[in-house]
Amino acid sequence: DGGITQSPKYLFRKEGQNVTLSCEQNLNHDAMYWYRQDPGQGLRLIYYSQIVNDFQKGDIAEGYSVSREKKESFPLTVTSAQKNPTAFYLCASSMAGLNQPQHFGDGTRLSIL
Amino acid sequence: AQSVTQLDSHVSVSEGTPVLLRCNYSSSYSPSLFWYVQHPNKGLQLLLKYTSAATLVKGINGFEAEFKKSETSFHLTKPSAHMSDAAEYFCVVSDLYNKIIFGKGTRLHILP
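Chains R and P, in that order, give the protein sequences. Be aware that the first sequence starts at 1, since it is given in the working numbering, and climbs by one per residue. Be aware that the second sequence starts at 114, since it is given in the working numbering, and climbs by one per residue.
Quick caveat, the hints were computed from the structure, so don't treat them as lab data. Hints may contain errors.
[To be verified] With a cut-off of at most 30 Å between alpha-carbon atoms, the simulated DSSO-like pairs for lysine-lysine come out as follows:
(1) P:217 to R:57
(2) P:155 to R:70
(3) P:217 to R:83
(4) P:181 to R:9
(5) R:83 to P:212
(6) P:162 to R:83
(7) P:162 to R:71
(8) R:71 to R:9
For reference, chain R alone in the conformation it holds in the complex (with noise of 0.2 Å):
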């Protein structure tokens, strides 16, 4: 069944400590997003890929990286530099082209501890 899966669910982060989130998606989707969801908000685009090995900046970029090494993988890390990190980050994902709609992963709540 394809889809797009998010690990962990939960993450716990520690001051000063980078993380990883990761996102897999087996659509055979050239595009992938990374947004972080915030209450009241709306989603916010932290970085998107629109092909492997390449990579653009969204509107909140400061404080994460990622990388596309893979067409199937599109990993997120949150850096130190993040100083508010907590927020529920979503992952999705799209087919190449103009208005195609967007396949979403599960999330990741990240709370800092």
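Please arrange chain P on chain R, whose structure you already have, making use of the hints.
Chain P only, in chain R's frame:
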């Protein structure tokens, strides 16, 4: 620049009554518009999309939306609410440059 405004942060309806979730957009070009639903601690699921074909778009779970260019609106409706419809709903606009903007969401409460 494009934008999307969901006019209500919360909507409450009784089970079996109609649902109306309002969305207005602003776009310099002919936009594509989407509605997504999100249940608690889950990802977003596509309900329906408009991409310049028929102005009345039918989606899953009995939802539909009408694109009204003159009013720059894309309101989501359902004739009869069910308890399982309780969730958060997002209106999304995408333009010629594939820039995607999410509304801030409307939380739908269903009263028994």
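Does the structure break any of the earlier hints, and which numbers would those be?
Those not satisfied are hints 4, 6.
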